[in-house]
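From just these sequences and the hints, can you work out the full model?
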Amino acid sequence: MDAYGPQSPSFNSSIIKYKGFRFINFCYNEKHIDSLETFETRGSDVFVVTYPKSGTVWTQQIMSLICPDEDRTGEELMNNNLRFPWIEFFKEEIDHSSRPSPRFFTSHLPYNLVPNELRKGKGKVIYVSRNPKDVMVSYFHFTHFFKPMGKAKDFSEFMDSFLNGNVPLGSWFDHLKGWYDHRDEFNILFISYEEMIKDLRAVVIKICKFLGKKTENMDIDKIVEEGTFNKMKKNPKANYEWIPADHANKENGSFMRKGIISLPYAEIQEPFEAWYNLSGNVSRINYYHGQVVTFQLGYMKPSGASYKITPETTESVVNAIKCFQVNGTTEEPVLPQSAFPNLNGFQFLKEDYYKGQLCQLWQNVTIEGKKKNTYTLWVTNSSNEAPIPVHYEMLGYNTLLGSHYDKYEIDYIDFSHTVDPSVFTLPAGLQCTSFPGPGMEHRILANPMQDFVHTKHEGHTHRLFGHFKKLFQRQYETEMEHEVRKHAFVHNLRYIHSMNRKNLSFKLAMNHLTDRNAEELLFLRGRMAKKAANKGQAFPHDKFKDTGSLVVLSQQMLVDCSWGFGNNGCDGGEEWRAYEWVMKHGGIATAESYGPYMGQNGYCHFNQSEMTAKVKSYTNVTSGDLEALKTAIFKNGPVAVSIDASHKSFVFYSNGVYYEPQCGSKPQNLDHAVLAVGFGVLNGEPYWLIKNSWSTYWGNDGYILMSMKDNNCGVATDATFVTLE
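Here the sequence shown is numbered in the UniProt record's numbering, starting from 1 and rising by one per residue.
If you're looking for bench data, these hints aren't it; they were derived computationally from the structure.
Some hints could be false.
The calculated EDC-like cross-link candidates involving lysine to aspartate or glutamate, where the alpha carbons are at most 16 angstroms apart (straight line), are [what the hints assert, rightly or not]:
{"hint": "1", "residue 1": "Lys502", "residue 2": "Glu267"}
{"hint": "2", "residue 1": "Lys19", "residue 2": "Glu37"}
{"hint": "3", "residue 1": "Lys120", "residue 2": "Glu185"}
{"hint": "4", "residue 1": "Lys614", "residue 2": "Glu725"}
{"hint": "5", "residue 1": "Lys370", "residue 2": "Glu483"}
{"hint": "6", "residue 1": "Lys370", "residue 2": "Glu481"}
{"hint": "7", "residue 1": "Lys19", "residue 2": "Asp174"}
{"hint": "8", "residue 1": "Lys502", "residue 2": "Glu660"}
{"hint": "9", "residue 1": "Lys206", "residue 2": "Glu216"}
{"hint": "10", "residue 1": "Lys407", "residue 2": "Glu267"}
{"hint": "11", "residue 1": "Lys222", "residue 2": "Asp199"}
{"hint": "12", "residue 1": "Lys301", "residue 2": "Asp160"}
{"hint": "13", "residue 1": "Lys206", "residue 2": "Asp219"}
{"hint": "14", "residue 1": "Lys301", "residue 2": "Glu331"}
{"hint": "15", "residue 1": "Lys17", "residue 2": "Asp34"}
{"hint": "16", "residue 1": "Lys133", "residue 2": "Glu157"}
{"hint": "17", "residue 1": "Lys122", "residue 2": "Asp184"}
{"hint": "18", "residue 1": "Lys355", "residue 2": "Glu393"}
{"hint": "19", "residue 1": "Lys502", "residue 2": "Glu312"}
{"hint": "20", "residue 1": "Lys469", "residue 2": "Glu481"}
{"hint": "21", "residue 1": "Lys648", "residue 2": "Glu660"}
{"hint": "22", "residue 1": "Lys258", "residue 2": "Glu273"}
{"hint": "23", "residue 1": "Lys709", "residue 2": "Glu685"}
{"hint": "24", "residue 1": "Lys507", "residue 2": "Glu660"}
{"hint": "25", "residue 1": "Lys371", "residue 2": "Glu479"}
{"hint": "26", "residue 1": "Lys133", "residue 2": "Glu194"}
{"hint": "27", "residue 1": "Lys120", "residue 2": "Glu37"}
{"hint": "28", "residue 1": "Lys407", "residue 2": "Glu393"}
{"hint": "29", "residue 1": "Lys371", "residue 2": "Glu483"}
{"hint": "30", "residue 1": "Lys258", "residue 2": "Glu409"}
Here it is, written out as structure tokens:
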């Protein structure tokens, strides 16, 4: 017995050949098929004709919005199965002659079996096509879902049958060619599934004109909004909820699940939707409501393939859909990815309440070395139906550190055994390429869920730490330091990947700071806070910059020597205090003559004769005035500005226009000094070009594009520039 039960017949037993066409035997009636030849067609009749899995239900949804029933407002859910009956299916309860005009029909019939009057131009036909590769894949999954179809044992067998036309309802090629070759016999409009994906508005207008609808009297925007594919999938009367249980495989290895991944250490909550089909050897997971979509296609030869589909904005295009592919290997084949943990090793502990719901609590505890990982799963407690996961939690404890080193949670929200097979079909027209960057990271990017529901000692994120150490030449002195750094790295990398799945205007990336914890990152900023200055280990900070000279001036001199003007060395300072010191002491030494920057406080030492870059005066740019700052940059070159750099999104910035909604712009929010060296517009978003001092490993070769919107992060709040003598 397979996962779908014994009642699924083979293709041969599900097909009846009649008049050269392969009918499905469960809905076949020879007398009814013969009667279609003389079926009385009205001039207002509209037939939606498709080959299976070409956008039938979606087109019905759009048509119902364009031509709503008189008693419908257009808002409520419509039953497409009743509004668009299949003309080839015989149902005694339907009397087509009594239906009011305009009547709508649906059909998979070839051109030669539809009513004669339709072939003579009476009534209208909307023929929807779709590229054969996507039809084939979607059809394969549908045969596993819809029991009367029968099903092939695997995709290779189905592909052979599809290409030879030996599947229910015959050949895709013959169907499309027949209708197109005889198009002059019909009043027909051809549209494609790919057109609907690319520009639904244009397709809606095309259909309206074909039906004689005056678009100026219609709310086209509303139709487009309600007619999207995602809206259609949420309508149970427009998808497969209406199919009787004895005809649909709604259980046994196939389900849809929604939930939220919580990463407490990264302060992230990430919503997801997961679809899973064990028998079809396929899964799909959407993150952040579809901003990123991943597919795991285990049926692809030889070892399966993972796909990640995401919008990508560059200097030349906005939100272009990109597809990345990772092929499985013999050692690591791609398999369907469940949003639930594998229960091997779990033991039932007790009945327990979770958020007021009585559950069974299952737990798996693993110990390796000094690490103890506890995986806990709460499932529904019901004697009438199979248990359903409610909450999953991982808690890792390190006895060496004496603290928890890892924690994440998954809350499961909605659950359904009804899965539309089309969700497992890759979007049409995509050219998929390999991921850039290290190969180890590809597995995480292509299948993020895998790193959360495994119960192994270490996942891909942990193993990527080895690549990081090699890339940035990290050597840790003690085992404890190694564990602390690894702990920080794992949580920072999870944060980076989760933020990137939000489809923001900028991207984050692993950099040389990925093994630093929050306290250490605090000291990177170094600008004096309006409250008490921060104390701790001195890390590099960049409040002092070369103001245009070709020589490298000494930051270390200002760290060591400007305490008398209110600066506190590596514990914080302000630009104007440094300018005052330079003006009083007749200039600043070069880095070559004073000594290199050390990243910590040192003894002040300088010789008056070595002073250079003498400052005549400094100017405060009008606070909050963007135009004044632009003018200052244009006329004077780089301008020192202070920003709020306290957010982790800034630390791991990689490219794009940075906009952080949590960023402050008031003087008390500013904790980091940088250089504004230019400005511009990218994809309609005005930005400041900012030079940071965290090395070329950070950002885009040490630079960041910061949004001008709402003076985000305070770039224009506290800007100054100097005039040299």
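So, going through the hints one by one against the coordinates:
| no. | hint | result |
| --- | --- | --- |
| 1 | Lys502 <-> Glu267 | holds, 14 angstroms |
| 2 | Lys19 <-> Glu37 | holds, 12 angstroms |
| 3 | Lys120 <-> Glu185 | holds, 6 angstroms |
| 4 | Lys614 <-> Glu725 | holds, 6 angstroms |
| 5 | Lys370 <-> Glu483 | holds, 10 angstroms |
| 6 | Lys370 <-> Glu481 | holds, 14 angstroms |
| 7 | Lys19 <-> Asp174 | holds, 14 angstroms |
| 8 | Lys502 <-> Glu660 | holds, 13 angstroms |
| 9 | Lys206 <-> Glu216 | holds, 13 angstroms |
| 10 | Lys407 <-> Glu267 | holds, 11 angstroms |
| 11 | Lys222 <-> Asp199 | holds, 15 angstroms |
| 12 | Lys301 <-> Asp160 | holds, 14 angstroms |
| 13 | Lys206 <-> Asp219 | holds, 14 angstroms |
| 14 | Lys301 <-> Glu331 | holds, 14 angstroms |
| 15 | Lys17 <-> Asp34 | holds, 14 angstroms |
| 16 | Lys133 <-> Glu157 | holds, 15 angstroms |
| 17 | Lys122 <-> Asp184 | holds, 12 angstroms |
| 18 | Lys355 <-> Glu393 | holds, 14 angstroms |
| 19 | Lys502 <-> Glu312 | holds, 11 angstroms |
| 20 | Lys469 <-> Glu481 | holds, 13 angstroms |
| 21 | Lys648 <-> Glu660 | holds, 10 angstroms |
| 22 | Lys258 <-> Glu273 | holds, 4 angstroms |
| 23 | Lys709 <-> Glu685 | holds, 8 angstroms |
| 24 | Lys507 <-> Glu660 | holds, 12 angstroms |
| 25 | Lys371 <-> Glu479 | holds, 13 angstroms |
| 26 | Lys133 <-> Glu194 | holds, 12 angstroms |
| 27 | Lys120 <-> Glu37 | holds, 12 angstroms |
| 28 | Lys407 <-> Glu393 | holds, 7 angstroms |
| 29 | Lys371 <-> Glu483 | holds, 10 angstroms |
| 30 | Lys258 <-> Glu409 | holds, 14 angstroms |
Checked against the numbered hints above, the structure violates none of them.
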